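Asks: For reference, the chains in residue letters:
2 protein chains.
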Amino acid sequence: MKHYSRGELLSASVSQLNTISTEIRREILVTVAQRGGHLSSNLGAVELTVALHRVFEFPKDKLIFDVGHQCYTHKLLSDRTDRFSTLRCEGGISGFPKREESEYDAYDTGHAGTAVSAALGFAKARDLTGGDYEVIALVGDGSFNNGLIYEALNSLHILNTRILIVLNDNGMSISPTVGGVHEELEGLKAGIGDAALFSRFGLEYIGVCNGNDFEELLPALERAKAALKSQCVLLHVVTRKGQGFSFSENAPLETHGYRAAAPRVCAYGEALGEELKELAERDRRIVAVTAAMADNLGLRGFFERFPDRAFDVGICEEHACVLAASLAAAGMKPYYAIYSTFLQRAFDEIVHDICGQDLPVTFCIDHAGVTGEDGETHQGIFDLSYLSLIPNLTIAVPRNIAEFRAMIRMSATYPKPLAIRYPACGSEGECGDVTVGTFEVLARGKAPFAVLAAGERCVTLGERLLARTKAEGRSFTLISARYIKPLDTACLMGLKEQTLVTLEDNVLIGGLGDAVARSVHGKEVRSFGYRDAFIPHGKADALAAEYGLDEDAIFSALGELYARG
Amino acid sequence: MKHYSRGELLSASVSQLNTISTEIRREILVTVAQRGGHLSSNLGAVELTVALHRVFEFPKDKLIFDVGHQCYTHKLLSDRTDRFSTLRCEGGISGFPKREESEYDAYDTGHAGTAVSAALGFAKARDLTGGDYEVIALVGDGSFNNGLIYEALNSLHILNTRILIVLNDNGMSISPTVGGVHEELEGLKAGIGDAALFSRFGLEYIGVCNGNDFEELLPALERAKAALKSQCVLLHVVTRKGQGFSFSENAPLETHGYRAAAPRVCAYGEALGEELKELAERDRRIVAVTAAMADNLGLRGFFERFPDRAFDVGICEEHACVLAASLAAAGMKPYYAIYSTFLQRAFDEIVHDICGQDLPVTFCIDHAGVTGEDGETHQGIFDLSYLSLIPNLTIAVPRNIAEFRAMIRMSATYPKPLAIRYPACGSEGECGDVTVGTFEVLARGKAPFAVLAAGERCVTLGERLLARTKAEGRSFTLISARYIKPLDTACLMGLKEQTLVTLEDNVLIGGLGDAVARSVHGKEVRSFGYRDAFIPHGKADALAAEYGLDEDAIFSALGELYARG
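Top line first, the protein sequences correspond to chains A and B.
For what it's worth, the numbering used here labels the leading residue of the first sequence as 1, then goes sequentially.
For what it's worth, the numbering used here labels the leading residue of the second sequence as 566, then goes sequentially.
Since the hints were derived computationally from the structure, they do not count as laboratory data.
From a predicted model like this one, the values you see are computed outputs, not experimental measurements.
The beta carbon of each residue, even a glycine, is placed where N, CA and C say it ideally should be.
This list has only true hints and no planted wrong ones.
Here are a few chain B residues that face chain A, going by a calculated C-beta distance under 8 Å:
1. G675
2. G712
3. G745
In silico DSS-like links for lysine-lysine, alpha-carbon gap of 25 Å or less:
4. K446/A - K470/A
5. K496/A - K1088/B
6. K523/A - K1061/B
7. K470/A - K496/A
8. K60/A - K2/A
9. K981/B - K842/B
10. K189/A - K225/A
11. K1088/B - K523/A
12. K1011/B - K1061/B
All chains should be built: construct the whole structure from the sequences, respecting the hints.
Replies: In structure tokens, the structure reads:
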């Protein structure tokens, strides 16, 4: 589509703004259909973003997104119109705000709740340096559950500055938004509440009932801009997730995230739902806790079958973690299902509340490893490291869905904290027993080295390497290192090979390779995993290869080990 | 003191309850004077805790503390009266709630904001299993700033159960409480507010103006207990921190924590304050951010000198981290000072907001390493590990205060995220240049091994080992590994010694030893640090030795390395 300057937006009539919005909406739909991405959230925020670009002057003024699931219109209205078709491709436009990409992106985001804090930092810096710009935090209502938002709101009195918080309220996070604040917002929308909750924090409240209507939106935004001269302002804008395309309006959850490729069977989540439901039929202590993503984690069936024993607390990873801990302390058997990257938010609570008390909570960690198109903030490449350092925690890395199922079944009677870590998608496969702390020897071979691989991506890689090796008339011992902690030291001790090669879908620092090196003495350890860097957006397999799991490079390294050996 | 049963509390007159409270207060004072501990917070909550023990039936009912700085009266009224004199001694009574210690302690705590989430978990477990008990969360007003509390309050509607939240409001966290919620509470106390903020979340509000007066306290608590039969209740109790002893009432901050031993010069914090103030005189970009602990971190002087450039946002470690990130993104030079253990709360924000954007924030990480009497939740033994795995982060570990000062001065122009990690106390000493990524060779020697030590505790240990070695007519090379990341690979490559011995005041998993092992090939690495366990309360030096830094054991290991040749 054509690039619209601010001057064009300023001189446009409402009717012309609607035409521009339609054009933007089509561009988003066409691009997402091709590249995947966040659809319904972006469709809902088109008019709001167009209005912001008309009323404020970016990049002089600073627009800070929360999460960033609604930044596409912003990208189309700033300096990236011509490149927008590269959305989420390696080297192309990121699906999230990125400072490196454009000066219009003031602050990088990806996880919920950071926008108000970040806006306050920009505003304080402006005040201290005599700067002349406005700061706008654009936050979805799902994030308003997150504790970080409240910490920021609570500090408005202390920080004594001016920011505009635009609350884009579509009633959804990824799942429908839940909780007390949501009820408050619903009350305001229905005209039965008042803005007390927000005025307590020192916010001037302005409401917009139809945030997809420029006639309502523009005057309210001008009013907010004027009020912002002297105080903090909350502009509460009701929008419709998926607006503009009925298939998305009617199925906002299903169209929140959209994959461009042919649908893959992402069966780990499905398997979790099936196994957990079956276990829960027999064991009344089993409960499930999630943070706003029950469907994505495969737990819709569990939530429907056991509504009393399933808790979705909204985008509150820490609260979900403590809730799981205390449910366990009170005798229940909780499963906390979450994406790898989001679990980072609950690190302290994993350490003290769950592992410090040695409570039998099972973490079901989905989307582990390189995940691809969502980029830096969504790769699950740190978990093996930040979990390994925690005492009392057992870490399991199944090599296929069958083994994952077996581990979930095993977990039902496992009396300690347990983390099971798996990718989004995989294959069913087969497995034997899954005794905690044992590796599985997949192949015995003759080589001066053995290969230890953790998880489906790496075991598959190991199998491909073995096939290529066999094609050359050689072999090696291939082991599935299915428990990172505790390691199978008996297996390690028993290996005659002088060099141990480790493969992990995780950063090298603090992961499997380090653990093996710490456990064996007098052997050489060669570790393959991700180098010390943030991994941007792109195709998962290509990124994995580029950042450290390159099949050809590893095959060649194995060749050198043969030559030495 | 004598143990008072619930029967005795129930039959006691108000006058007798006051006598019991006086007795408890004296016991706390005498014990804390001898053992150290949290004084003013405990003194303020005596009547409240006595009243709770009279009105509720513990351990059948569950009392869940937040942080736990006010649990001493609870311990004196439960099954630990006779052992209370062992407070904070190794093997004795913990200063925090501990499930292992007593069935009266329902849930372990130490960090802020967990009590409401934990109470909800216990309540849901009760509902699901048909249990018959009440759940009470006892929370200080300082914790009410913490985002985790809000995540829990926000989920009251979702979880649909009954808990009593007792808000012990003494107007202080460790520092005076600040923020919007605090203003709200002050308004309620002054009779000018209403309880709207809390009723929005589904809480019945009951206020007690003088929570040190049984005549007010007991009927309110009975009312709360009755209301609790059908809903969630917030009992807002105003108490006086330090109540009962004028020296503590008048100096609640200074008597919050009390050290039994002769006051040590904990000069790292002082040095931070001095250096930062001096740098800030010349560089207007320098700002300081803390989470409720400016005084303890040595920053009182900075806050007084630069009130506009110093931000204490309350017990909000995550918000403080994003605020620091965004101040940096907007061109400022932020210093985020915090204790090691509390920084765990901001792990995700360190990863994405600061290091993901490669922003020049300097973390000043105080109380790193084994800290002693506060136990599991306050040891700073994980930071080298959870920080090492983060891309873009430089990690410095000064060996004395002079070097720490030099690193702070270096940081003023350092353009990337930097973590400087130091213990509470230390000696001034001397230092040379502190070029990033360089080790310092402290002594050259002749041995088949070299010793690499990180930080003051370990360098001092290395020096003691060297002195003992020299007394035997031998020597070794001793190196201060003052940057854990990046490592001084040139120095490591240049070492002729075949074995590298590492010493670190941190868990072994993911720390210095692992980093060295990852960097050198063909050499043996022998790592000494803490084994994979939570370290309880006791004397820091004794704990350090017991958990992995035992001088005699290491000396003997070095002897074996000499013998091997």
